[in-house]
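Using the sequences and the hints given, assemble the complete structure.
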Amino acid sequence: MRLAVYGKKITAEARDDIENLHSILIESGVDFKVFHRLNTYIKEHCDLGLEFEEFRSSQDLQEYAPDFLITIGGDGTILDAATLVRDSGIPILGINTGRLGFLSNVNRQKIEESLEALFRKDYQLSHRRLLHMESKALDLDLPFALNEITVSRKDTTAMVTVEVSINGEFFNNYWADGLIIATPTGSTGYSLSCNGPIMMPGSETLVLTPIAPHNLTARPFVIPNSCEIELKVHSREEWNLVSLDSRIYSIRNGEPLKIRKADFSIALVETADHTFAKTLRNKLMWGMDKRN
Numbered sequence: 029m030r031l032a033v034y035g036k037k038i039t040a041e042a043r044d045d046i047e048n049l050h051s052i053l054i055e056s057g058v059d060f061k062v063f064h065r066l067n068t069y070i071k072e073h074c075d076l077g078l079e080f081e082e083f084r085s086s087q088d089l090q091e092y093a094p095d096f097l098i099t100i101g102g103d104g105t106i107l108d109a110a111t112l113v114r115d116s117g118i119p120i121l122g123i124n125t126g127r128l129g130f131l132s133n134v135n136r137q138k139i140e141e142s143l144e145a146l147f148r149k150d151y152q153l154s155h156r157r158l159l160h161m162e163s164k165a166l167d168l169d170l171p172f173a174l175n176e177i178t179v180s181r182k183d184t185t186a187m188v189t190v191e192v193s194i195n196g197e198f199f200n201n202y203w204a205d206g207l208i209i210a211t212p213t214g215s216t217g218y219s220l221s222c223n224g225p226i227m228m229p230g231s232e233t234l235v236l237t238p239i240a241p242h243n244l245t246a247r248p249f250v251i252p253n254s255c256e257i258e259l260k261v262h263s264r265e266e267w268n269l270v271s272l273d274s275r276i277y278s279i280r281n282g283e284p285l286k287i288r289k290a291d292f293s294i295a296l297v298e299t300a301d302h303t304f305a306k307t308l309r310n311k312l313m314w315g316m317d318k319r320n
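Residues in the sequence shown are numbered from 29 upward in steps of one, following this note's numbering.
Everything labelled a hint here was simulated from the structure, so no lab data went into it.
Each residue gets a CB set at the ideal place from its N, CA and C atoms; glycine is no exception.
Be careful, since some hints might not be right.
[As the list claims (entries may be wrong)] What follows is a set of in silico ranges between Cβ atoms, one per label pair, in the way DEER data are often shown:
1. Thr39 <-> Asp88: 18 to 28 Å
2. Arg275 <-> Gly196: 21 to 31 Å
3. Asn243 <-> Glu72: 48 to 58 Å
4. Asp95 <-> Lys286: 17 to 27 Å
5. Asn223 <-> Glu55: 42 to 52 Å
Right, here's the structure in full:
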């Protein structure tokens, strides 16, 4: 088996987890490479006394062609890892050393058990759809998003008007701070904090969730992911913002953005101890009675 390990910002609390992960990989005898920034951290802070091969880019990763990419961090780390994996089909196993951890759902206390499940092929793959965005004004190297695409105001406190068309037909004007178009994967992120619904992974749907809408009848709206969406943001300023996951760009007032389902998906590894249902119960404490 061949593995790659990705991490970026490493907290002091995660040092033991990183050391534990790499000790397990070394003892298992698998072939693996480490993202260069994580490799630097290991050399400086972890007493492993070993040198690791490293990769630096999406091209390096795809040329190495690992069977799995292991991420260590939070959900943002997996979103970054998706920009490395792209359409290669390399599955991602996320070890959570962040906060909530819906995507990086392997508990830090379960690293060894999860890797053992990986080695004995006791897992399933959850294929997550992405969004693709087209804009004549933006030269996008990474025109896709795993969680959501969001448009919002930039330099003003005044709300914006987001003009939305679906499949070529005018749908609505949202008077709000912005609008989120989220995948089922992203439904537990920014959209959820704006009262959007949670959608089961694998659902062939998207949700349009307004951010602080001025019209009280504006509610999150679920549509098939086969729909093509066009957005135009109008505001008092010349520039507004559009974000694809954590990547943020400035767009001119009224510039059209076209959004559709991407042509590829990202595969996330799920072990028996870390299914989506168990993650919901553990993270949101569903079904737990705290009254006694």
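These are the hints, each one checked on the structure:
no.	hint	in the structure
1	Thr39 <-> Asp88: 18 to 28 Å	holds, 25 Å
2	Arg275 <-> Gly196: 21 to 31 Å	holds, 27 Å
3	Asn243 <-> Glu72: 48 to 58 Å	holds, 53 Å
4	Asp95 <-> Lys286: 17 to 27 Å	violated, 35 Å
5	Asn223 <-> Glu55: 42 to 52 Å	holds, 47 Å
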